[in-house]
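Peer 1: Going down the list, the sequences are from chains U and G.
Count the first sequence with my numbering and you get residues 15 to 324, in order.
Count the second sequence with my numbering and you get residues 7 to 114, in order.
The reader is advised that the hints may include incorrect statements.
Said to hold, decoys possible - Over 10 Å on every C-beta distance to chain U, these chain G residues come out as not near it, computed from the model:
1) Val9
2) Cys10
3) Ser24
4) Cys37
Claimed, not checked - Once the Cα atoms are required to be at most 30 Å apart in a straight line, the calculated DSSO-like pairs of lysine-lysine come out as:
5) G:Lys110 with U:Lys132
6) G:Lys110 with U:Lys144
7) U:Lys132 with G:Lys74
8) U:Lys132 with U:Lys184
If you are wondering where the hints come from, they were derived from the structure by calculation, not from laboratory data.
It should be emphasised that the depicted structure is a prediction, and the values quoted were computed from it without experimental measurement.
Built from N, CA and C at the ideal position, the CB exists for glycine as well.
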Amino acid sequence: MERELDLVIVGGGPAGLTAYIYAARARLKTVLVERLSPGGQVLVTDWVENYPGFPEGISGAELMEKFSAHARTLGLEPILDEAVGLTVDGELRLVHLASGRILVAPTVIVATGASPKKLGVPGEAELTGKGVSYCATCDGPFFRDEVIAVVGGGNTAVQESLFLTRFVRKIYLIHRRDQLRATKILQERALDHPKIEFLWNTVVTEILGQEKVEGVRIKNVKTGEEEVLQVGGIFIFIGIKPQTEWLDGVLAVDEGGFIVTDSEMRTSLPGVFAAGDVRAKACRQIVTAAGDGATAAYMAEHYLAERRKT
Amino acid sequence: MAVCQVTDQNFEQEVLQSDIPVLVDFWAAWCGPCRAIAPVIEELAEEYQGKLKVCKLNVDENPVTPGKYGIRAIPTLIFFKNGQPVESITGAVAKSTIEAVISKVLGA
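Chain U with its partners taken away, still in its complex shape (with noise of 0.2 Å):
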């Protein structure tokens, strides 16, 4: 047991790297756990483009380097292991690592994010890096020259697909509506990209292929029509679930799994905040993400003044 830390952060993404910077500013004796080294989701963008402050763009690791950057200024090291439980003893909260060792404070910011959904279809799993991918800055280049499959409609769908037409021949854009529901400045680069065929109100029911990815089914949702698509990749951008599963219920979640907060960042269990793409709410942005973290921290800042009165 270590004791005597203000605030214990877990997740390095954008919003709980801008909360250590808010609480180290605030000298709250802070640490950050993080499963891996600090980044989170925008470690896999290409390129972000509606990060303020940076109006040429910047790729979504350099943003995430410089979050880093300004966090170990303010004396960052960040614990590399992974959150396994929060329990309650007293007033304390305690968060328990892989690696067993538990980190003990009055505040706990919890912003472990989100993971991409899975499609749950026959063949995903066995295929898992095997052409069937979630991440297009990491494995497009290994399908250069290709035809591919992109499964999806929001804004990740279609921002990775035309990052992924610097390298394949095609992309089969699948999708189980009949419009998009990305960013209109996204949906008019894909709709008019020549590479790009979409194919509406279609899902996929199955990945097919022994050794690697060599085909799809694919199943028209209005006529019932199947047919097999020859891809030899395909990548999955159906939405995100958090990462919640290790607080095993002791935070208020709603019914995909989002930990639920007032507008201050305030969970069901006092101390405890959550912060960024964990947090059930509208719009997930590395903006809203890092607004978020700052309101985090400066909520249990808040709250650790309170308890030291009374």
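Starting from the known structure of chain U, arrange chain G on it as the hints suggest.
Peer 2: Chain G only, in chain U's frame:
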């Protein structure tokens, strides 16, 4: 022992002919999750010194070896024992997940 850098040229000698099991991290500079996992790989190289050799292979500079092992995603970690691939992990995962596989590889 620091992480060793392997290439298409020395893969046979450094990995396949190694006396102890080898963990090879297939990575590239443009891969964000590869950067994220790098500090974990370095920690493992220190902690398992003498028991497990930890190497990195840049897939951009060395296309032959990734092709041979069917790499279609990075980061991919492949464990080699007596010249044979015995376990693999795709994607940036937590240190504890990698350690579980290391125990299996070293224990078997």
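Peer 1: The structure should be examined with respect to each hint, and the outcome stated for every one.
Peer 2: Hint check results:
The Cβ of valine 9 of chain G sits about 15 Å from the closest Cβ of chain U, beyond the 10 Å cut-off, so the non-interface label holds. Once the 10 Å rule is applied to beta carbons, cysteine 10 of chain G is consistent with being away from chain U; the minimum gap is 20 Å. The beta carbon of serine 24 of chain G is kept farther than 10 Å from every beta carbon of chain U, the shortest such distance being approximately 24 Å. Taking the minimum C-beta to C-beta distance to chain U, about 5 Å, the non-interface status of cysteine 37 of chain G is violated against the 10 Å cut.
Distance check on the hinted pair: lysine 110 of chain G and lysine 132 of chain U sit about 27 Å apart at the alpha-carbon level, within 30 Å; holds. For the proposed pair lysine 110 of chain G and lysine 144 of chain U, the alpha carbon gap of about 23 Å is at most 30 Å, so the pair holds. A C-alpha spacing of about 28 Å is found between lysine 132 of chain U and lysine 74 of chain G, which places the hinted pair at or below 30 Å, so the restraint holds. Proposed proximity of lysine 132 of chain U and lysine 184 of chain U is supported: the alpha carbons are some 23 Å apart, at most 30 Å.
When the structure is compared with the earlier hints, a violation turns up for hint 4 alone.
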